[in-house]
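Residue numbers (the numbering used here): 22 to 289.
Honestly, the hints are just simulated from the structure, not real lab data.
Glycine included, C-beta positions come from ideal geometry on N, C-alpha and C.
No more than 35 Å apart at the CA atoms, straight line, and that leaves these computed lysine-lysine pairs for DSBU-like: (1) K166 <-> K99; (2) K157 <-> K205; (3) K166 <-> K123.
Cβ-Cβ distance ranges computed for the label pairs, FRET-style: (4) K166 <-> A241: 21 to 27 Å; (5) F113 <-> A233: 40 to 46 Å; (6) L75 <-> N236: 34 to 40 Å; (7) E83 <-> N219: 40 to 46 Å; (8) S118 <-> L217: 34 to 40 Å; (9) F245 <-> P128: 32 to 38 Å.
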Amino acid sequence: MAYSKVAWSLIILLGSSDDASGFTTCRSASLTKQHDTRLHSTTAPDDVSTKNPLGGVDSFEEWFAANSSSGAQVNSIKHALFSSNSLRGLEFTSTKSSDLSKVAVVPRKLVLSAPFSDDEVEQEGGRSWDTNLSVKLWQECTKGKNSAYYGYCALLTRGANMEQKQTYPSTAPDALRHWTSTQKALLETTENGKKLLNVEQKQQEEWKQKYANLNASEKANMSFEDFQWAMEAVHSRAFRGDFGALDGGEGGPLRKIASLLLPLSALA
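With the hints as constraints, model all of the structure from the sequences given.
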């Protein structure tokens, strides 16, 4: 199996889990509009994310602390609310610049990953990396506390994965796919706006095709809406790069290019 030798990253969040662009090193494929203060996607009144902005934080912190013996640790940071308590993220609590080193350490056992190749035919199951990672993420989140990643899922779902199956709040609520028809109509007035709409439509078609290609068992436990939720989380929080011996253990000889959904983003 051949893998690309070019290492690069998509995104790792150290900020908000509501907005996939909070504290990022680069932008994802998801279309967001955080810089347009006039437009925001509508949120249902009973959306769990509006009821409890810090939902899932306690479960995450319990889970992360439980893995301290494996090397999980955080230093000089805490969860906090910003923008009139409407946006959650991380607050650096130290006044020393030296404390910026290793503010968080995530052991490999807490990393959800999927192999990556430039050639989709060569990838796991002949499917794209984001499909494989999204399916894995959804499967883990639906296990509740039985998942080895339950704390990470709790933060992504605002704690909804700890309850009976329900629709999880979007991890990218301001993505263009969540705009109303009236809001999207405003983009029709400019050429750049039309291009954005075309990209969003193309992405939706691609995601629907990827969902259609899932096997019967996967689709029986995952609706397209569930798949879209997972894809949004993956495209806004996954790293892609050469992370060393993913198959050979720490310090082992095997090296692969892999896409990783790091629990560090769950600190957001």
